[in-house]
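K.L.:
For reference, the chains in residue letters:
Protein chains: 2
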Amino acid sequence: MEYRKINHQDKDEEPEVDLEISRGGTVNNVAALGEILGGKTQWKRKSLVTFALTVLTSSQAILIVWSKRAGKYEYSVTTANFLVETLKCALSLAALLRIWRKDGINEDNRLHTTVEEIIVYPIPALLYLVKNLLQYYIFAYVDAPGYQILKNLNIISTGVLYRIILKKRLSEVQWAAFILLCAGCTTAQLKSNSDRVLETSLQGWVMAIVMALLSGFAGVYTEAIIKKRPQRNINVQNFYLYVFGMIFNAAAIMIQDFDAVVNKGFFHGYTSVTVLMIVNHALSGIAVSMVMKYADNIVKVYSTSVAMILTAIVSVFLFQFHLSLAFFLGTTVVSVSVYLHSIGKLQR
Amino acid sequence: MEYRKINHQDKDEEPEVDLEISRGGTVNNVAALGEILGGKTQWKRKSLVTFALTVLTSSQAILIVWSKRAGKYEYSVTTANFLVETLKCALSLAALLRIWRKDGINEDNRLHTTVEEIIVYPIPALLYLVKNLLQYYIFAYVDAPGYQILKNLNIISTGVLYRIILKKRLSEVQWAAFILLCAGCTTAQLKSNSDRVLETSLQGWVMAIVMALLSGFAGVYTEAIIKKRPQRNINVQNFYLYVFGMIFNAAAIMIQDFDAVVNKGFFHGYTSVTVLMIVNHALSGIAVSMVMKYADNIVKVYSTSVAMILTAIVSVFLFQFHLSLAFFLGTTVVSVSVYLHSIGKLQR
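Residue numbers (numbering that gives the first Met the number 0), protein chains in the order written: chain D, 0 to 347; chain G, 0 to 347.
Quick caveat, the hints were computed from the structure, so don't treat them as lab data. Don't be surprised by glycine CBs; every beta carbon is placed ideally from N, CA and C. Errors might be hidden in some of the hints.
[Said to hold, decoys possible] Below, a sample of chain G positions facing chain D; criterion: calculated Cβ distance under 7 Å: (1) A93; (2) L96; (3) I164; (4) V196; (5) L201; (6) Q202; (7) S314; (8) V335.
[As the list claims (entries may be wrong)] Straight-line C-alpha distance at most 25 Å; calculated SDA-like pairs for lysine to any residue: (9) K130(G) / V315(G); (10) K167(D) / V298(D); (11) K344(D) / Q188(G); (12) K344(D) / S191(G); (13) K150(D) / Q188(G); (14) K190(D) / S191(G); (15) K167(G) / V298(D).
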């Protein structure tokens, strides 16, 4: 499989190349030097997109808390989601225009496509739509804090589907780290009423597991689509992902908020915070695609988990949040997990 | 150092020997076969004492809960501690008598000793005495559930002192596992009011850390004493440890419970549960010594942590305890820690 080969190159060979540089090995061949510099660039790009995703995800959660403090959501969430997809689409097109002006149009960066290439792009958008619709029903069985905890099942489902669908292997230490990531994130979110989660009915559990599988599958499937054509420009790939995102989110407006939009207008209840949130979600979305292209879903999961911790720490200063002992313990476990994941890779 | 050499043999070479057997390697030498069978026996003995310690520690905690349910402690704890030491002493002597009858008295199993050998034995008993006395004062700063949580600092202090004093190394994965063991045990013990621990005053923290260091040091020092003379019979070593335990616990009776013993009698308030607890503590104490001899402090810490989990699970059936989400998450982290510790060893 094409995407497997590329990813293998991306992930496994870089550290060795970096090691060679740091050891000051004798590089007496221009081709080898080029390869090393290429590896270094790839590593830098991977770190950059991961860092961007972490910062954007943290600020995203902080914006949500901020907007909640300012009052309830007065705007239709579906219209905001549609605008997020539209903005992502526009940004991808803008990036493409720049590239076309600089490098000219070629086979890798042209928008022209085949049915065979495009046929898979609606699938992730459709999966997310189903997941978001299910979200409205799960609250009949689980309360909001309980749902926050059950959402951590995402971590496990992503790991399992990553293994099954992308056929990429994690070492034993990395699997252990992944279980710890899930346990640590959940521990950090424990509140005095968290035990209620254990009383979730069978329907609630089934829905939570189905939603975790849908979201894990959408993530892993997106990675498969993007990595399948490694030469294809990421902005073209993003453009197609987001066009279908726009289409399915337009459908969601019709299903859920048609009356509100017709009666109160498309932009009813929008504030400057709403606009900031839309911009932030759009940039985070692009960062996620970049992480899929240059890293993988595992990096994405770690990045968003670390963002969750960062958000809580920043919230202490911004909103006088109280950090619990559970948060401290969860953070310790997540930190050890990140460490184990990184050393687990070298031992493969 | 003598004890290092022996321990190294104990820990690192056995798994390889075991591996050879399971792979069905060609063993064409009687000496090699003897060594392998010896390794197998050592491994069996190590597993047996670890298993015994785990079961005894779990049942110990269950007996404590049971005796508390039946009412408050009516007896003097110091007299019970003294009887525990006395019983351990008697059991060691009984074991020695059997050995003398069977093998005769030799250099390794005779009670006769030198000043140089015996001079170190009072130290662990003295350290435990200081720690137990401090325990009375720490409750001015921390409540009982808070103290249960702070006691997990023991795990970290044991690991650090094990590294510094016994100069034995843990792999990176094993260190990570050790931090996880501490975080997992604490998580499993979280209660709705556990956050109060974070408000512990500086004095409380200092005392908790000093107590953790005292108890860690006592454990590691005992291992050093026992391993320093690997040929010496463990029952002789135990006999000396417990004789000094008796002496220092007699001192504790004088300091703390002199009046109660004089006025109400030595055995006031004893019930059949008290007797069971004394027998259990004595057997656990002997199991700890055996683990120090045939395994090490790290195994001891894991064994008692796993016992904590087992106790809680058994308590669900015995006392209708409610298992919290925190307990489930803590148990997951402890289990992963045990797994990582075991695979961390092989990768050294």
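K.L.:
Please check whether Q202(G) passes as an interface residue: C-beta within 7 Å of a C-beta belonging to chain D.
P.N.:
violated (19 Å)
K.L.:
Next item in the hint list is V196(G). Is there a CB on chain D closer than 7 Å to its CB?
P.N.:
holds (6 Å)
K.L.:
Would the hint on A93(G) be counted as holding, given a Cβ-Cβ threshold of 7 Å to chain D?
P.N.:
Since the shortest Cβ distance to chain D is 44 Å, the answer is violated.
K.L.:
When you check the alpha-carbon spacing of K167(G) and V298(D), does it fall within 25 Å?
P.N.:
Between K167(G) and V298(D) the Cα gap is close to 35 Å, so the pair fails against 25 Å, i.e. violated.
K.L.:
Sort out whether V298(D) lies within 25 Å of K167(D), counting only the CA atoms.
P.N.:
Holds, because 13 Å separates the two Cα atoms, which is no more than 25 Å.
K.L.:
The hint names V335(G) as touching chain D; please verify it with the least Cβ-Cβ distance against 7 Å.
P.N.:
Nearest chain D Cβ about 5 Å off; hint holds.
K.L.:
Going straight from one Cα to the other, do K344(D) and Q188(G) come out at no more than 25 Å?
P.N.:
violated (32 Å)
K.L.:
Next pair to validate is K190(D) with S191(G); report whether the Cα-Cα distance is within 25 Å.
P.N.:
holds (8 Å)
K.L.:
Quickly compare the C-alpha distance for K344(D) and S191(G) to 25 Å and report which way the hint goes.
P.N.:
violated (38 Å)
K.L.:
Is the straight-line distance between the alpha-carbon of K130(G) and that of V315(G) 25 Å or less?
P.N.:
violated (32 Å)
K.L.:
Against the 25 Å threshold, does the CA-CA distance of K150(D) and Q188(G) hold or violate the hint?
P.N.:
OK: K150(D) and Q188(G) at ~24 Å, within 25 Å.
K.L.:
Under 7 Å, Cβ to Cβ, is where S314(G) needs to be relative to chain D, so tell me if that hint holds or is violated.
P.N.:
violated (16 Å)
Checked against the numbered hints given earlier, this structure breaks hints 1, 2, 3, 5, 6, 7, 9, 11, 12 and 15; the rest are met.
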